[in-house]
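Colleague: Take a look at the letters that make up each chain.
Protein chains: 2
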Amino acid sequence: MKTAVIAGQGRLPAALAAAMTEAPLVAAMDGFAPEGLTVDLTFRVERLVPFLRALERDGVGQVVFAGAVTRPRLDPALLDEGTAGLLPRLMQAMAAGDDATLRAVIGIFEEFGFAVVGVETIAPALLPGAGVLAGTVSARDEADADRAAAIVTALGAVDVGQGAVVAQGLCLGVEALPGTDVLLAQVAGIGALRPDPARGRGVFYKAAKPGQDRRIDLPTIGPDTLRAAAVAGLGGIAFEAGSVICLDLSEMQRLARDLGLFLWARG
Amino acid sequence: MKTAVIAGQGRLPAALAAAMTEAPLVAAMDGFAPEGLTVDLTFRVERLVPFLRALERDGVGQVVFAGAVTRPRLDPALLDEGTAGLLPRLMQAMAAGDDATLRAVIGIFEEFGFAVVGVETIAPALLPGAGVLAGTVSARDEADADRAAAIVTALGAVDVGQGAVVAQGLCLGVEALPGTDVLLAQVAGIGALRPDPARGRGVFYKAAKPGQDRRIDLPTIGPDTLRAAAVAGLGGIAFEAGSVICLDLSEMQRLARDLGLFLWARG
Numbered sequence: 000m001k002t003a004v005i006a007g008q009g010r011l012p013a014a015l016a017a018a019m020t021e022a023p024l025v026a027a028m029d030g031f032a033p034e035g036l037t038v039d040l041t042f043r044v045e046r047l048v049p050f051l052r053a054l055e056r057d058g059v060g061q062v063v064f065a066g067a068v069t070r071p072r073l074d075p076a077l078l079d080e081g082t083a084g085l086l087p088r089l090m091q092a093m094a095a096g097d098d099a100t101l102r103a104v105i106g107i108f109e110e111f112g113f114a115v116v117g118v119e120t121i122a123p124a125l126l127p128g129a130g131v132l133a134g135t136v137s138a139r140d141e142a143d144a145d146r147a148a149a150i151v152t153a154l155g156a157v158d159v160g161q162g163a164v165v166a167q168g169l170c171l172g173v174e175a176l177p178g179t180d181v182l183l184a185q186v187a188g189i190g191a192l193r194p195d196p197a198r199g200r201g202v203f204y205k206a207a208k209p210g211q212d213r214r215i216d217l218p219t220i221g222p223d224t225l226r227a228a229a230v231a232g233l234g235g236i237a238f239e240a241g242s243v244i245c246l247d248l249s250e251m252q253r254l255a256r257d258l259g260l261f262l263w264a265r266g
Numbered sequence: 000m001k002t003a004v005i006a007g008q009g010r011l012p013a014a015l016a017a018a019m020t021e022a023p024l025v026a027a028m029d030g031f032a033p034e035g036l037t038v039d040l041t042f043r044v045e046r047l048v049p050f051l052r053a054l055e056r057d058g059v060g061q062v063v064f065a066g067a068v069t070r071p072r073l074d075p076a077l078l079d080e081g082t083a084g085l086l087p088r089l090m091q092a093m094a095a096g097d098d099a100t101l102r103a104v105i106g107i108f109e110e111f112g113f114a115v116v117g118v119e120t121i122a123p124a125l126l127p128g129a130g131v132l133a134g135t136v137s138a139r140d141e142a143d144a145d146r147a148a149a150i151v152t153a154l155g156a157v158d159v160g161q162g163a164v165v166a167q168g169l170c171l172g173v174e175a176l177p178g179t180d181v182l183l184a185q186v187a188g189i190g191a192l193r194p195d196p197a198r199g200r201g202v203f204y205k206a207a208k209p210g211q212d213r214r215i216d217l218p219t220i221g222p223d224t225l226r227a228a229a230v231a232g233l234g235g236i237a238f239e240a241g242s243v244i245c246l247d248l249s250e251m252q253r254l255a256r257d258l259g260l261f262l263w264a265r266g
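So the protein sequences, as listed, match chains A and B.
Numbering-wise (numbering that gives the first Met the number 0), the first sequence opens with residue 0 and increments by one.
Numbering-wise (numbering that gives the first Met the number 0), the second sequence opens with residue 0 and increments by one.
Take the hints with a grain of salt, since some may be wrong.
Stated by the list, open to error - So the derived list for chain A, only partly shown, Cβ under 7 Å to chain B, looks like this:
| hint | residue |
| --- | --- |
| 1 | Ile150 |
| 2 | Gln185 |
| 3 | Ile189 |
| 4 | Gly190 |
These aren't lab readings, by the way, just hints derived from the structure by calculation.
Glycine included, C-beta positions come from ideal geometry on N, C-alpha and C.
Chain A with its partners taken away, still in its complex shape (with noise of 0.2 Å):
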């Protein structure tokens, strides 16, 4: 059975593809192309279903959606027929929201008779299970970590981030709709109110959503993320063993030594 990845932007498509035991086949919303990853079908959303049939004579059985899309602004003078059926469920999940839009174009794509599967089924070896991946982590890292991903189920069962930074016990930013990105960069500005890094410089903490549907955003960390945790004078990063995707994890290991960092996928 053929696998087609639905690649939004970004580098997770191409990481997936490496990952798979067989190429796939790669398709990619128009405005949307992965980096490093060359697309075999490009498709719009106006022209959802006759995209739909393409796969399904190309013999796809199963679906994998990898990396980031925006809702995308829609041209009705594009709509097929069959798409036109669908735009009233579609133009109700929009308007609710990136997940909604998701969650309702799986749902699509499962009544066209395709699996839609997670990167975790795919390419399980993209998601590190339990262990010290970098560095070491002492009892303050611990301690920090636990209260970290308190923090992160407390944010999560009302909706709201995978991640948070605590030093010495002290929560010193939470991740919200600006992203991983943005909280480190805002850590790494708070100068002062920081407590003293000799007593522990602090962990950033990554997570998935309780409850969260596994096929669709579960979060990403990758290099990028460890230089912003240097920069943001952090002693490393921790997370969710088997919820969380690393790019390039040989990579990571490497840098995260460079750095001086700990990478700890916490059991």
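Use these hints to put chain B onto chain A, whose structure you have.
Modeller: Coordinates of chain B only, in the frame set by chain A:
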């Protein structure tokens, strides 16, 4: 019964003294002078017991803590015998954090026979009850304040912060250790990541932590908070009625109208 205000930095001690029916005795820690308020008595932690005796001699029966202090460095040469006996307890609390320190200090005041009361007991007018105090609150604003209140409650349960910013249901930021000013500056800086302001500019919401000791660290807002909310592009400020200190409410109401913001004590 005479009241002593143990004044920290900022404008709260002066606002509190002005709101009291009888002029209090004003005491301040060496190096932490309040703004716009004459200090009757300066004290150092190393000489806490002689300070408590002096309050007693002056006929003080109850004390209220108001305004911020940071944990001071202690000079052992200044210690008197009585305070030296309290030192192990104070040092242990100081190592455990600001809240623990303040709780230990409150305990010592109580053991010396003083009643420790909160701002809400001495000057309830500083904590507005439910009502719209300036501007108008739309249904969108109400929904955003509801969502922000749920987030702040969840954060309070893990002892993180007292505030959050929500626009169109999306959480743009959460208050952690760095505090309100940093949160609002961060929201001002996220630029294109925020949703279209034409559909709802968003709300900064502030509340007490559930279960916090209401004699210390009740959340405080003032004219500067409104100015920062305006710079952050928000539609207004909502707060938990009866639990948030408003510094100079009439000035805040005037300013809110000038800035086109609402100010809402949410019941």
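Colleague: Kindly indicate which numbered hints from before are broken by the structure, ordering the numbers from low to high.
Modeller: 4
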